[in-house]
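> The lines below spell out each chain.
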Amino acid sequence: MALIDLANPTRFLALAARVLPWLAAATALAFAAGLYLVWFTTPDDYQQGATVKIMFIHVPNAWLAMGVWTVMSIASIGTLVWRHPLADVAAKSAAPLGAAFTFLALVTGSLWGRPMWGTYWVWDARLTSVLVLLLMYLGVIALWRTVDDPSRAGRAAAILTLVGAVNLPVIKFSVDWWNTLHQPASVLRAGGPAIHPAILTPLLVMAIAFVLLFVTLHLAAMRNEILRRRVRSMWLMQAHAAQGA
Amino acid sequence: MDLGPHAAFIIAAYVMAAVVVLGLIAWVIADYDAQQRVLADLEQRGVTRRSQKSEAA
Numbered sequence: 071m072a073l074i075d076l077a078n079p080t081r082f083l084a085l086a087a088r089v090l091p092w093l094a095a096a097t098a099l100a101f102a103a104g105l106y107l108v109w110f111t112t113p114d115d116y117q118q119g120a121t122v123k124i125m126f127i128h129v130p131n132a133w134l135a136m137g138v139w140t141v142m143s144i145a146s147i148g149t150l151v152w153r154h155p156l157a158d159v160a161a162k163s164a165a166p167l168g169a170a171f172t173f174l175a176l177v178t179g180s181l182w183g184r185p186m187w188g189t190y191w192v193w194d195a196r197l198t199s200v201l202v203l204l205l206m207y208l209g210v211i212a213l214w215r216t217v218d219d220p221s222r223a224g225r226a227a228a229i230l231t232l233v234g235a236v237n238l239p240v241i242k243f244s245v246d247w248w249n250t251l252h253q254p255a256s257v258l259r260a261g262g263p264a265i266h267p268a269i270l271t272p273l274l275v276m277a278i279a280f281v282l283l284f285v286t287l288h289l290a291a292m293r294n295e296i297l298r299r300r301v302r303s304m305w306l307m308q309a310h311a312a313q314g315a
Numbered sequence: 077m078d079l080g081p082h083a084a085f086i087i088a089a090y091v092m093a094a095v096v097v098l099g100l101i102a103w104v105i106a107d108y109d110a111q112q113r114v115l116a117d118l119e120q121r122g123v124t125r126r127s128q129k130s131e132a133a
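Sequence order for the protein chains is A and B. The first sequence: position 64 = 134 (this note's numbering), numbered continuously. The second sequence: position 31 = 107 (this note's numbering), numbered continuously.
Chain B on its own, in the form it takes in the complex (with noise of 0.2 Å):
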């Protein structure tokens, strides 16, 4: 494939995209795994929310 005179403009947007995209990919699965690890160790302290506390009664 001959991406003319251009090559490294078209290579160079297309990596950053990349980079970009993979970057709020693994930042919404890392934040994901780390509001999970919190939720699970004070769920474990006995620290439960006020609706938990109504569902239970």
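The following block holds chain A by itself, in its conformation from the complex (with noise of 0.2 Å):
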């Protein structure tokens, strides 16, 4: 099958559905090898304890939270370029996920930064562009929720979310250009990752299952979009019988 094959939705729902019982076993099996590692292998960290724990799920969630935008720009070039059938269902299935992945970012990272840095919260360019981001989710899921035609919202989300990309760059070298109290980059940065690999591992496993479960929720969250505007062209097609009737 070739990959524009896919772009017809009942293609996409066959695949989905005999795809999607191995992702969520790969998923289940990612998160319970990641979470045996980081409760019974890991050493705490020598200045941080056992407050280091956080890290493997804030730190996955941090990538998530950008990295589901990223996947979202993509599908609104998909829509505003290609018109892809699919396009505009893969970027309004993403925008609740990624809000959750950002919303988990702020929050754990909070809890880390209480114990670490004495404060729950501190404006500095790195938390407040990754609050902008949250705003950003909740902004295009507003929108797509406002406009009724899933075509018009779709194009509109799309220039949303592609001006919204700006702010990645943003995050990522916020720590660089300014002065946090968010420590910069330890993982992916030029030099390679300054984290001792017995942390690195289950690091890595933890952000390889919290992929696994953006990529299984996504596809579910896709197959039910297609759902709902089937249901809607149904409903439309009931309401212009009636009217001729």
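Among these hints, one or two may not hold up.
[To be verified] Quick list of the computed label-pair ranges, beta carbon to beta carbon:
hint, chain 1, residue 1, chain 2, residue 2, range
1, B, 77, A, 99, 38 to 44 Å
2, B, 122, A, 243, 55 to 61 Å
3, A, 153, B, 122, 29 to 35 Å
4, B, 109, A, 111, 50 to 56 Å
5, B, 84, A, 236, 36 to 42 Å
Just so you know, these hints were derived from the structure itself, not from any lab. For every residue, glycine included, the Cβ atom is placed at its ideal position computed from N, Cα and C.
Please assemble the complex out of the two chains, which come individually in their own frames, going by the hints.
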């Protein structure tokens, strides 16, 4: 099957039905492995103690917060340039997931910050730009709910998403461009990770688990959105038939 | 397992993550069930999509 064939929603639904159980099983396995490593093998940090355990959920959620917006941006290009039938379905379905991951990144970061920094929140560039990202997710979700016609809503949301993508490099490089309480990058940085393998390995396993979770939930949410649009078109057909009668 | 003096923060972070992740999973499953129910109801009432009509023709 060529990739372009997946543009057909019926084929996409068939593929999702086949793939989703395997993805769900892989996600559960990855989480089981990651949580085992985090809770039973990973040593405490020499400075932070056991508090470092918060990092294993904070960092993957922070990566996904930006990664999901990147997925939405690519889908938005698909909506605006190629009018791909599944592009705005993909963007719309990803938004609530991205909002949830961003919320978790902020909350777990706050719970990590209180014992390590002495405060839950500070208006530094990293924290503020991630809060702006959460507000942008909520804005896109609100826009989708405001406009009734999915194709019009899709185009408007695509433009908003692409404009909002400007915030991604600001988040990534905020710790380099400004003085922040938040530490600089220690995994995705020039010169390689600055974390000991004993802590880096479980972090990467947890990151894989969260990415698998996103892929699974995204496919499932796309399937739901396709069904929702079918319901909508059937309601419209029924309304037109009633008007003609 | 000794989580040290900040155990409450660690446990709160993991509980919050579990609640949000389980909430997302529940939302996706409930939404699927709801759409399937409405679709089945519409089909039972004889409402079809345009593509279904062309497939039947």
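> Next step is simple, just say for each hint if it's right about the structure.
Here is what the structure says about each hint:
no. : hint                        : result
1   : 77(B) x 99(A): 38 to 44 Å   : violated, 23 Å
2   : 122(B) x 243(A): 55 to 61 Å : holds, 58 Å
3   : 153(A) x 122(B): 29 to 35 Å : holds, 32 Å
4   : 109(B) x 111(A): 50 to 56 Å : violated, 39 Å
5   : 84(B) x 236(A): 36 to 42 Å  : holds, 38 Å
The structure is inconsistent with the numbered hints 1 and 4, although it conforms to all the rest.
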